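Quick note, the sequences are listed as chains A and B, same order. Start counting the first sequence at 39; every next residue gets the next number (the working numbering). Start counting the second sequence at 4; every next residue gets the next number (the working numbering).
Please note that a few of the clues may not be correct.
Residues of chain B placed beyond 12 angstroms of chain A at every Cβ, according to the derived structure [to be verified]:
(1) S51
(2) T74
(3) A83
(4) R84
(5) G150
(6) A157
(7) G197
Covered by chain A, per the in silico footprint, the following chain B stretches (three or more residues, Cβ under 8 angstroms) [claimed, not checked]:
(8) 24-32
(9) 101-114
A partial selection of chain B residues facing chain A, derived with a Cβ cut-off under 8 angstroms [unchecked claim]:
(10) Y54
(11) D60
(12) F98
(13) P121
Hints listed in this document are in silico derivations from the structure and should not be mistaken for laboratory results. Computed from a predicted model, the values in this text were never measured in an experiment. Backbone N, C-alpha and C define an ideal beta-carbon position, used for all residues, glycine too.
Here are the chains, one letter per residue:
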Amino acid sequence: MMPLPLTIALAHLLARKRQTLVSVLGVAMGVGVFIAVGGLMQGFQGYFRSQIIETNPHILMTDEIRQPAPQPLQLLHPGAAVAITRILPRDPVRGISGAGAILTALDAMPGVAAAPTLRGQAILRRAGRDYAVTVLGIEVARELRVTNLTKDMVQGSLSALATQPNGLVLGLSLATKMGASLGDTVVAATSAGGEHGLRIVGLFNTGLEQQDQGIVYVPLAQQQSMQARPRVVNEIHIKLADIARSIPTAAAIEGSFGFKTAPWEETYARVLSVFRLQNLVTYGATGSILLVAGFGIFNIISTIVLEKARDIAIMRSIGLAGRDIVAVFLVEGLVVGVLGVLAGSGVGYGLASLMRQMPSPGATDPSQRLLVVQSVALYGLAAGLALATALGAAWIPSRRAAQTDPLDVIRGAT
Amino acid sequence: MSVALQAVDLTRVLPGPVPTTLVAGVDLGFAAGSFTAISGPSGSGKSSLLYLLGMLDRPTSGEVLLSGQPTASLDDEQRARLRLERFGFVFQFHFLLPEFSVLDNVLLPMRKLARRSPPAMRAHALALLDALDMGACAGKLPAALSGGQRQRAAIARALANDPAFILADEPTGALDTRNAAAVFAILSGLARQGRTVIAVTHDQGLAATADRRVRLVDGRVVADDAPVTESACVERMAP
Ligand SMILES: Nc1ncnc2c1ncn2[C@@H]1O[C@H](COP(=O)(O)OP(=O)(O)OP(=O)(O)O)[C@@H](O)[C@H]1O
Ligand SMILES: [Mg+2]
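Use the sequences and the hints to build the structure in full.
Given below as structure tokens:
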């Protein structure tokens, strides 16, 4: 036999099928939109995150120092009231000093792979046209341990740079624009002066415009000579076995070596803060549909409480306690909530499946479809929110039902 | 003869700008297995007295003793429990839950008490309805019943948990003479089974079929043809 409150709750709801259906649809719509839109957003953000994580170092050490070194006057009088203004961190010869020792130390850390890089600007010349690019001089053997670029190579290879001292690896779209192909030679000019003939040994296609059009790779020694900065590196790219540890690991590295060491979360803080805002807006908007659905539930249960005042009094006179009455109406809210969650999960699944058929706007690959994440956690969150709203909406009228004195009703009726 | 229910100087005043006295200093004992008819003019406090005796209302002063035990200190939960286990109410209007069949209405108090297995509850409910000649109506909704049938269904529900007390407030008020007589005969039979029955009625003829007649005016007892003496009560409580 069903629990008594459920029996009574179902009887009340079945006696007003249309209103119940409307309330259930309200919840279903809230849940469905929440699942579909939330999934779309998670898919979108997840795609971006994985792109960032794949195409960028998990941790980037650059040749900057965040804090000026303690000044001699401060060191001499520790704790004294010394005010020194206008100190800038020392920035004489840009470059990471002692990079070799740092790399050795990083190699000793478990789960850490590191590669030195010299980043600089250059102009690529081909057929009388100039193309401004960022050149990364890499140490190939180490770079292969920190980069995911190898999987985006469409022609040649990144490792060819190891055997080709004047090799060049660039994006397929840039090469196409330049009218150059594998094996061709292009000329690179830098602000340090001089022109350098570079031979194309590899072409990649990451799908990210910024990368494909703007970044090229040469051997580290070549870049050092092009930039006239022998033996200098100005970045160390670090890859972690466990990306979740990027923030503490970066802090530890910066603590030991002094150079600014940013986890990808810091480098992409603006993107992440846009994501946060996006989450706030999306979940706020979809959550407010649930809130409106909550008003619907509040409405139907309040109506039932008013209409059933006599029945409530009868049940009290028979010996049902106040909390039995509360239970009846909470269960009514819960029933609407559960039905809404079930229907809404179906709606959400349907919407998500539909969106997955739609082409992804702005994708380089036209066969790419919208990424919509469907996870137990997302459905669980939607269900939890909907049920909490339903219970909250039922709570207020059910308290009122339990608090009214049955005698008021019985006196009035007999 | 044992006093099952005892009103001691029972007074109920409705607070308000002009306080209304519903019941004023009522002393009444009700013997187990007795059938008492309460009558009096409209507004004399008959219903109010019944609510106080049946743990639905709390007195302003005085008290109700249940089998000699004071009830003033009981909280709402405990009073609800007493109503569930010891009292059966029958009102002037049947007060059945309209969405439930007669059988389900009778099952309601049993399901709350949950002392019997579900099949035993059904069997007991059907037996109660049969005894009231309502077996054929068990599956019907209250709306499909006649007035007399509804009132008998309400009596069956009042009897569901085998209560020691049946409190009926003008149970025949909405019935024709024949049905009214039948209902009173049922109440009388319940008293013969050992239940303490207290019924409010305007009908002198029906009142005559009870063991005892009490008359109220302005919340006070003005006549009582078989008073249960104070000494009987004291005797009860002494040992
Ligand atoms: N909620 C209330 N507010 C104000 N006065 C009330 C209320 N309930 C009852 N009364 C008054 O209290 C008095 C006693 O009422 P009660 O219902 O107990 O009388 P009764 O004998 O049952 O009358 P009836 O025969 O009409 O049922 C009456 O004067 C009635 O008007
Ligand atoms: Mg009355």
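Would you assess whether B/T74, listed as outside the interface, keeps its beta-carbon beyond 12 angstroms of every beta-carbon in chain A?
-> With a cut-off of 12 angstroms, B/T74 remains clear of chain A, as the shortest Cβ separation is near 15 angstroms.
Minimum Cβ separation between B/G197 and chain A greater than 12 angstroms?
-> 21 angstroms, holds
Agreement of hint B/P121 with chain A interface, Cβ distance less than 8 angstroms = 4 angstroms, holds
Are three or more residues of the segment 24-32 of chain B within 8 angstroms, CB to CB, of chain A?
-> The restraint on the segment 24-32 of chain B is violated, since only 0 of its residues have a Cβ under 8 angstroms from chain A and three are required.
Closer than 8 angstroms, Cβ to Cβ, for at least three residues: run that test on the segment 101-114 of chain B against chain A and report holds or violated.
-> Since three or more residues must qualify, the claim that chain A covers the segment 101-114 of chain B holds, with 7 doing so at under 8 angstroms.
Grab the minimum beta-carbon distance between B/G150 and chain A and tell me whether it stays above 12 angstroms.
-> Non-interface label stands for B/G150: nearest chain A Cβ at 15 angstroms, farther than 12 angstroms.
At a threshold of 8 angstroms, is the proposed contact between B/Y54 and chain A supported by beta-carbon distances?
-> Cβ of B/Y54 sits 6 angstroms from chain A, so the hint holds.
Supplied contact hint for B/F98, tested at 8 angstroms Cβ to chain A | 5 angstroms, holds
Interface exclusion of B/A83 relative to chain A, criterion Cβ beyond 12 angstroms = Check fails; 4 angstroms does not lie beyond 12 angstroms.
Is the nearest Cβ of chain A still more than 12 angstroms from the Cβ of B/S51?
-> 8 angstroms, violated
Just double-check B/R84 for me: nearest Cβ-Cβ distance to chain A has to come out over 12 angstroms.
-> 7 angstroms, violated
Double-check B/D60 for me: the hint is only fine if its C-beta lies closer than 8 angstroms to a C-beta in chain A.
-> Holds: closest Cβ of chain A sits about 6 angstroms from B/D60, inside 8 angstroms.
Checked against the numbered hints listed earlier, the structure breaks hints 1, 3, 4, 6 and 8; every other hint is satisfied.
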